[in-house]
Amino acid sequence: MGSTGPSAGLITAREAGLVACQRCGQVHAINTAYCKRCDGPLRSRDTQSLQKVWALLIAGMIAYIPANIYPMLLTNTLVEHTESTIVGGVVDLIHHGSFGIALIVFVASVMIPIGKFVAIIYLALSVHNRSSDNQHERHKAYEVVEFIGRWSMIDVFVVAILSALVQLNTVATINPGIAALSFALSVIFTMLSAQSFDSRLIWDVDRTNNDGH
Amino acid sequence: MPQPLPPLDDLVACHQCDTLHVAQDLPENARAYCQRCGAVMMTAQSASIARILSLAMTAFVMLIAAISFPFLSLDANGLHNTTSVIDAVLAFNDGYAFPLAVAVAFFIIVIPLMRLGALIYALGPLARDQRPHAGAKHAFGLAERLRPWSMAEIFIVGVTVALIKVAGLAAVTVGPAFWAFAGVVIVTVLKDQIICRYSIWEALDHRPD
Numbered sequence: 001m002g003s004t005g006p007s008a009g010l011i012t013a014r015e016a017g018l019v020a021c022q023r024c025g026q027v028h029a030i031n032t033a034y035c036k037r038c039d040g041p042l043r044s045r046d047t048q049s050l051q052k053v054w055a056l057l058i059a060g061m062i063a064y065i066p067a068n069i070y071p072m073l074l075t076n077t078l079v080e081h082t083e084s085t086i087v088g089g090v091v092d093l094i095h096h097g098s099f100g101i102a103l104i105v106f107v108a109s110v111m112i113p114i115g116k117f118v119a120i121i122y123l124a125l126s127v128h129n130r131s132s133d134n135q136h137e138r139h140k141a142y143e144v145v146e147f148i149g150r151w152s153m154i155d156v157f158v159v160a161i162l163s164a165l166v167q168l169n170t171v172a173t174i175n176p177g178i179a180a181l182s183f184a185l186s187v188i189f190t191m192l193s194a195q196s197f198d199s200r201l202i203w204d205v206d207r208t209n210n211d212g213h
Numbered sequence: 214m215p216q217p218l219p220p221l222d223d224l225v226a227c228h229q230c231d232t233l234h235v236a237q238d239l240p241e242n243a244r245a246y247c248q249r250c251g252a253v254m255m256t257a258q259s260a261s262i263a264r265i266l267s268l269a270m271t272a273f274v275m276l277i278a279a280i281s282f283p284f285l286s287l288d289a290n291g292l293h294n295t296t297s298v299i300d301a302v303l304a305f306n307d308g309y310a311f312p313l314a315v316a317v318a319f320f321i322i323v324i325p326l327m328r329l330g331a332l333i334y335a336l337g338p339l340a341r342d343q344r345p346h347a348g349a350k351h352a353f354g355l356a357e358r359l360r361p362w363s364m365a366e367i368f369i370v371g372v373t374v375a376l377i378k379v380a381g382l383a384a385v386t387v388g389p390a391f392w393a394f395a396g397v398v399i400v401t402v403l404k405d406q407i408i409c410r411y412s413i414w415e416a417l418d419h420r421p422d
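Residue numbers (the working numbering), protein chains in the order written: chain A, 1 to 213; chain B, 214 to 422.
What the hints contain is simulated information worked out from the structure, not anything from laboratory work.
In this text, all values refer to a predicted model and were calculated from it rather than measured experimentally.
The reader is advised that the hints may include incorrect statements.
Claimed, not checked - Heads up, simulated DSSO-like pairs for lysine-lysine below, C-alpha to C-alpha not over 30 Å straight-line:
#1 A/K52 to A/K36
#2 A/K140 to A/K52
#3 B/K404 to A/K140
#4 B/K404 to A/K36
Unchecked claim - Computed beta-carbon distance windows for the label pairs:
#5 B/P338 to A/D133: 47 to 55 Å
#6 A/S131 to B/A257: 31 to 39 Å
#7 B/R360 to A/M111: 22 to 30 Å
#8 B/D238 to A/G100: 40 to 48 Å
#9 A/D133 to B/V253: 19 to 27 Å
#10 B/D238 to A/K36: 20 to 28 Å
#11 B/H351 to A/G100: 53 to 61 Å
#12 A/I114 to B/D238: 40 to 48 Å
#13 B/L239 to A/I65: 27 to 35 Å
#14 B/S281 to A/A55: 38 to 46 Å
#15 B/I399 to A/E143: 19 to 27 Å
Cβ atoms here follow ideal geometry from the backbone N, Cα and C, with glycine treated the same way.
Extracted from the complex, chain A is given alone in its bound form:
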């Protein structure tokens, strides 16, 4: 049986031969198909979880490439036409002395997406390898990824507001670039990827091999 450690005495519904509803927590006999309390579909574990996670993660990573190469904002003023990428926008903010805002945009558009890619790869690999190390840390990582992923959308909303607001005929106009679309797609795909990850898998891989159930 081996490592129970701090989790001694706690068993999962699956180990008890039961299946739990993820929506409302109601516990049922293992072969029940629908929750008797909330009518939600029951599944002890999502066996295709990792497949979906990888597919959506790869889609998200691919969409992130054009999001960084192509311009996010197209600015036209009387004197010049400029196109700025995500990183270019951050650099512009630093030149204007808006360090706080530059930091927010950098964190939301660069650090969070890349951190999410790395975290999801790590979570999926560790479940794939049936690792029993760092379960609490991995669960925390999963929670952080789930919570923080949506915040990457900030830059898309910034572009939307700037493009709607700065429409002063010939004097100054701002329009969205193609990168806004790729970036939004990247965020949506990685959010779907994180949602496909069945966090219950973190906790039971170590026992399925040597346990009776």
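Go by the hints and put chain B onto chain A.
Here is chain B on its own, set in the frame of chain A:
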């Protein structure tokens, strides 16, 4: 398979790590966390359904106001432009970016309204001690599922960033819709703080429909 045994109803499993716990009545204003992964499992609030319902209705009305009134206006060199939340959505309305206009409309307007509407539909009869409407469980399930896709609070932060970006170039005036939108964010956060999914599912189930 044998029929579910009565003790199963006393058990509750963590939705994040599947660990079994025995459900107990909580003292007032207490929260129950999963013993293994620390996820919040229950919160105990007196009259919480009525409170959630009133917050949801408040947010719904404020969101309608936030869509209807002018959001921001810009003045530079004698030129003037006023924009609403709808204009911000339509900013992507040229050709290739059209799907993005649809997505932004969903994230900041349609999904928040759907979530609040579903919640009001599911909880309305419960607050008046009546039988839930048909499909109340589906409505509450939908409101829960849409939660990550409702991005009003992220939009407000985005607006703040945009304001600071243009502040040096032009004079920006904040309209009533901006404050309404900020109000929606605060009320929604309060609502999500006091909501106890476990007791709402129980309440929806214990009054037969």
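Each hint, compared with the structure:
| no. | hint | in the structure |
| --- | --- | --- |
| 1 | A/K52 to A/K36 | 28 Å, holds |
| 2 | A/K140 to A/K52 | 21 Å, holds |
| 3 | B/K404 to A/K140 | 24 Å, holds |
| 4 | B/K404 to A/K36 | 27 Å, holds |
| 5 | B/P338 to A/D133: 47 to 55 Å | 49 Å, holds |
| 6 | A/S131 to B/A257: 31 to 39 Å | 36 Å, holds |
| 7 | B/R360 to A/M111: 22 to 30 Å | 24 Å, holds |
| 8 | B/D238 to A/G100: 40 to 48 Å | 46 Å, holds |
| 9 | A/D133 to B/V253: 19 to 27 Å | 26 Å, holds |
| 10 | B/D238 to A/K36: 20 to 28 Å | 21 Å, holds |
| 11 | B/H351 to A/G100: 53 to 61 Å | 43 Å, violated |
| 12 | A/I114 to B/D238: 40 to 48 Å | 45 Å, holds |
| 13 | B/L239 to A/I65: 27 to 35 Å | 49 Å, violated |
| 14 | B/S281 to A/A55: 38 to 46 Å | 41 Å, holds |
| 15 | B/I399 to A/E143: 19 to 27 Å | 23 Å, holds |
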